[in-house]
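Those protein sequence lines, which keep their order, are chains X and D. Taking my numbering, I'd label the letters of the first sequence as residues 54 to 254. Taking my numbering, I'd label the letters of the second sequence as residues 54 to 254.
If you're looking for bench data, these hints aren't it; they were derived computationally from the structure. For every residue, glycine included, the Cβ atom is placed at its ideal position computed from N, Cα and C. One or more of the hints may lead you astray.
[Unchecked claim] Stretches of chain D that chain X covers, calculated by requiring three or more beta carbons in the stretch to come under 8 Å of a beta carbon on chain X: (1) 95-107; (2) 143-154; (3) 170-179; (4) 231-238.
[What the hints assert, rightly or not] Derived lysine to aspartate or glutamate pairs resembling EDC-like cross-links, with alpha carbons at most 20 Å apart: (5) Lys58/D / Glu122/X; (6) Lys58/X / Glu188/D; (7) Lys58/D / Glu105/X; (8) Lys101/D / Asp92/X; (9) Lys101/X / Asp102/D; (10) Lys58/D / Glu151/X; (11) Lys222/X / Asp92/X.
Number of protein chains: 2
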Amino acid sequence: MSSSKKLDDLIAALQVMPGIGPVSATRIAYYLLDHRRADGLRLSSVLKDSLEAIALCPDCRNYSDGGAERCALCSDSHRRESGLLCVVESPMDVEAFEHAGSFSGTYFVLHGHLSPIDGIGPEELGLGVLKQRLESGTVSELILAVSQSVDGDATAEYLAAMARRQGVKVSRLATGVPIGGDIQSLDSGTLASSLQFRRQL
Amino acid sequence: MSSSKKLDDLIAALQVMPGIGPVSATRIAYYLLDHRRADGLRLSSVLKDSLEAIALCPDCRNYSDGGAERCALCSDSHRRESGLLCVVESPMDVEAFEHAGSFSGTYFVLHGHLSPIDGIGPEELGLGVLKQRLESGTVSELILAVSQSVDGDATAEYLAAMARRQGVKVSRLATGVPIGGDIQSLDSGTLASSLQFRRQL
């Protein structure tokens, strides 16, 4: 029992966040109470505002500020004109590409991969929206950045067939040795793949 | 740049919590958006409610549910009747005692220790309230559970003098070898203290 019921409630509520258990939640609650009440109240209002407003972009299904507006990335005309469309499984994959700064086209976010056993089919992944984009004639190449797994492979096959039906070029991210990685610590699947797709010098 | 300004705001606001940097904040934001919007909104309302309401208990200066009410621990008549009053530096110290379950008196929380160089004197620690409790004749023993440091020692001296002026018995937590601790990994200060205060068997 702590000295305050409201404090107990706060410590319990903080544990909704991943990686925050009772010890971290207690530390966070006391820290906010002791030193940062104003910032904590700001967090409360930002949390409410963003969780209520953030919706999916109608073009790419990534998170957007809500309403019928395109997200910031889809609104960028340079990106649209590139004709490159990169399909990823989650919004965090988009963050990773943007952080690396190596891609200047637009994205399409699946929010998962095909998994009939879990009831996740083309509709759940919003593939109707993707089909419209392929039909619109603005996409010159579809780049599949789905995970290298059995489910990811099945999803990639399905998407590749969709693209080919529309006569759109389709590619998938290269597999192989990570930059800075050493050979001896690689798993056998990656090593086999790096041999199979070796580059002529 | 992420796809949503509101998402960027949320990731920034989450970093007010100790131990949460940009990577954890991003993970938390996406997790709440992807899977737990309702729980996230609940966290927002509990955060607002608790940070606005939680105040200091007028008796012990620990956190209470607000208003002029005593906190849950001070309201317990068995605890009051014990006559034992334990002085700690922070509310988390109270949690530690309560978790151990080895103390059944009441507490007084200093929220720091005397530190004239930082402008923290008796007034900042609420020692006027403590003096009233000592004068009320309800305290039979004042137990000092302040930290074992130079500042803690100075604070303990000051509080001991206050208690003696009111004719109240005063004690300080024992120092020595922690239960389950091994001698070889102890610092020299603790080892010297455990020798000095050795127990006759």
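Outcome of the hint check:
Evaluation of the coverage hint for the region 95-107 of chain D: fulfilled, as 13 residues show C-beta separations to chain X shorter than 8 Å, against a requirement of three. Counting residues of the region 143-154 of chain D whose C-beta lies closer than 8 Å to any C-beta of chain X gives 6; at least three are required, and the coverage claim holds. Judged by the Cβ-Cβ criterion of 8 Å, the region 170-179 of chain D is not covered by chain X as claimed, because only 0 of its residues qualify and three are needed. With a cut-off of 8 Å between beta carbons, the region 231-238 of chain D has 0 residues touching chain X; three or more are needed, and the interface restraint is violated.
Restraint check for Lys58/D and Glu122/X: the C-alpha separation of about 13 Å stays at or below 20 Å, so the hint holds. Annotation: proposed proximity of Lys58/X to Glu188/D is violated, straight-line Cα distance about 30 Å (limit 20 Å). Note on Lys58/D and Glu105/X: the hinted pairing holds, with a Cα-Cα distance of about 14 Å set against a maximum of 20 Å. The hinted pair formed by Lys101/D and Asp92/X meets the criterion: a straight-line CA distance of about 11 Å does not exceed 20 Å.
Only pairs whose Cα atoms come within 20 Å are accepted, and Lys101/X paired with Asp102/D is accepted, the gap being roughly 13 Å. Of the pairs offered as hints, the one joining Lys58/D and Glu151/X holds, with about 15 Å between alpha carbons and a cut-off of 20 Å not exceeded. A distance of roughly 49 Å separates the Cα atoms of Lys222/X and Asp92/X; the hinted pair therefore is violated under the 20 Å criterion.
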